[in-house]
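Q: Protein sequences, first through last, are from chains U and W. The opening position of the first sequence corresponds to residue 1 in our numbering, with each subsequent residue numbered one higher. The opening position of the second sequence corresponds to residue 1 in our numbering, with each subsequent residue numbered one higher.
What the hints contain is simulated information worked out from the structure, not anything from laboratory work. Computed from a predicted model, the values in this text were never measured in an experiment. Ideal placement from N, C-alpha and C gives every residue a C-beta, glycine not left out. There's no promise every hint is true.
Said to hold, decoys possible - Partial pick of chain W residues on the chain U-facing surface, computed with a CB cut under 8 Å:
#, residue
1, ASN55
2, GLU86
3, ARG87
4, ALA94
5, PHE100
6, ARG102
7, ASN104
8, PHE106
9, ALA107
10, HIS108
11, ARG121
12, VAL122
13, MET170
14, ALA183
15, VAL200
16, GLY203
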Amino acid sequence: MSADIHAVPVRHPGRWAATAAVLVLLAMLVHTLVTNPRFQWDVVNRYFTTSAILTGLQRTLELTALAMAIGIVLGIILAVMRLSPNPLLSTTSWAYIWFFRGTPLLVQLIFWYNLAALFPKLGLGIPFGPQFVSGSANVFITTWTAALLGLGLNEGAYMAEIVRSGILSVDEGQQEAAYALGMRRMQVMRRIVLPQAMKVIIPPTGNQTIGMLKSSSLVSVIAVPELLYTAQIIYARTYQTIPLLIVASLWYLMVTSVLTMGQFYIERYFARGSSRALPPTPLEKLRRQATRFRALAAARQRERG
Amino acid sequence: MTSTGIPVCEAIGVHKRFGALEVLRGIDLTVMPSEVMCIIGPSGSGKSTFLRCVNHLTKIDAGRLSVDGHLVGYRERNGRLHELPEREIAKQRAEIGMVFQRFNLFAHMTALENVIEAPLRVRGTNRTDAIAAARRLLARVGLANKADAFPSQLSGGQQQRVAIARALAMNPKLMLFDEPTSALDPELVSEVLDVIRVLVADGLTMIVVTHEMGFARQVADQVVFMDNGVIVESGSPAAIIDNPSHERTRSFLSKVL
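Just chain U, with the same shape it has in the complex (with noise of 0.2 Å):
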């Protein structure tokens, strides 16, 4: 057996530099932070907990919630329609993506919230035929529901695309041997295929879902008091705007670190059968680096012993 190697390490002086400026920086934003009254830390303190904040935020959540699963079911659609034989239904999915995202957000939010001055009435019955209910679309197309349908329909086309690429991701041998077992057409995309697609469809739709937590807040220009529009109302009050908007921002950046959270543990489900070692979680990788000191304390305890 051959002797370890204790070798002088190399000197890094670029690094200390780097890292003296870092330092710099940093301690000059924390100062601002500190000593700058106008953040007036107290007033974010007052406000961060209250019920008008934590209504809107639960508004947020739920406006989130509820547009990524139109858009997840919709892209799934979507997607599969985009992949269909058939040209109408191909074409037609590929027209949808190219208007719904060749179109602000923003606009789209607008025109829902507008669908009245289009159609004054909307109405269920046969196409062309008659209608068994109907009614004014002021009634049918409240704020809530424009702000949905805008957010909901625009992912649509997003997630669609996801899907797709997605999809494509898997072998085609996966199909060909569920196809040569007589499952059908149905059956091997929601069993064969997409479970295996989702590896491919969750990171970026994680992406998506910390992109709806924030794009939700557009819909405070159609007046839907989410957690930005009731900081908006309360600072259009109080003229408190910094400090009010820091709420909302703590808000979002917490719910984005929640998100970020899950879509790890969604990640390492999905991953199940295709690596052979799953990534550790936290918790193991802290266990794991416990076990390491562990055995290097022994192994100086022994050395010095």
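Since the structure of chain U is provided, determine the placement of chain W on it from the hints.
A: Just chain W now, with coordinates in the frame of chain U:
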């Protein structure tokens, strides 16, 4: 071997084109119950394409192809062919097992889940029975202890044996093997061939596309040599492999034997 009754698989003048390329140019063959047919030939000769036609993964352009007396993918009514709806095609495929060169095990399912998937979803077998049958099949291919392993945790030979168990779970009338050992390391080839030999002994009807001449000589009732989309010659293994009558067959065999 001579058998009576209707052929399990019968091809009459089967043609297949991909664009301008004619891959199959009039294939005629008959496989009787319990017969083993081995198709040999150079790559690109149309062997795999023919196999894929037998369960309608590929549509034929001309000729007749029937399995168990029924046209594959079509129904004949008043002298005209009608395409079968997807449901009927799926039903036909359920009766034909297929084993692929690249295994194609469902990557997100364990070995056991791979085997029970089709009995559960296609046949509607209840879960307990399906699992019991799947465990028997996995034991039969020597993988009783790998039931909970994912395909990525199995060697190529083990994956292919699971794939065979998966096909057998549907009790197929006909098994199609598409170069089942071509993607395997040389030392893993025999474990897969041994499993297929057991199936041969059990009297399963099968068409095997293979480059394993020793195996073909040993198990085949008929050997078919294909080249360039046509059957050059066919007959007993002794006639084709040991004593070929065509120059093309001789030159092919001289390279692979």
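Q: Next, verify each hint and record whether it holds.
A: Cross-check of the supplied hints:
1. The interface hint given for W/ASN55 is met, as the beta carbon of that residue sits about 6 Å from the closest beta carbon of chain U, less than 8 Å.
2. For W/GLU86, the suggested interface contact is upheld, since its CB lies about 6 Å from the closest CB of chain U, less than 8 Å.
3. Of the supplied interface hints, the one on W/ARG87 holds, with its beta-carbon coming within about 7 Å of a beta-carbon of chain U, less than 8 Å.
4. Among the interface hints, the one on W/ALA94 holds; its C-beta lies about 3 Å from the nearest C-beta in chain U, closer than the 8 Å criterion.
5. Proximity of W/PHE100 to chain U holds as hinted, the smallest CB-CB distance being about 6 Å (cut-off 8 Å).
6. Interface hint at W/ARG102: satisfied, since its Cβ lies 6 Å from the closest Cβ of chain U, which is below the 8 Å cut-off.
7. At a threshold of 8 Å, the smallest CB-CB gap from W/ASN104 to chain U is about 4 Å, leaving the interface hint in force.
8. The beta carbon of W/PHE106 is positioned within 8 Å of a beta carbon in chain U (closest approach about 6 Å), and the interface hint is therefore held.
9. The interface hint given for W/ALA107 holds, since its Cβ lies 5 Å from the closest Cβ of chain U, which is under the 8 Å cut-off.
10. For W/HIS108, the interface hint holds, since its Cβ comes within 8 Å of a Cβ in chain U; the closest pair sits about 5 Å apart.
11. Residue-level restraint check for W/ARG121 holds (minimum Cβ-Cβ distance to chain U is 6 Å; threshold 8 Å).
12. Hint on W/VAL122 holds. Least Cβ distance to chain U is approximately 4 Å, under the 8 Å limit.
13. Hint status for W/MET170: holds, given a least beta-carbon distance of 6 Å to chain U, under 8 Å.
14. The interface hint given for W/ALA183 is violated, since its Cβ lies 11 Å from the closest Cβ of chain U, which is over the 8 Å cut-off.
15. For the restraint placing W/VAL200 at the interface with chain U, the shortest Cβ-Cβ distance is roughly 20 Å, beyond the 8 Å limit, so the hint is violated.
16. The interface hint given for W/GLY203 is broken, as the beta carbon of that residue sits about 22 Å from the closest beta carbon of chain U, more than 8 Å.
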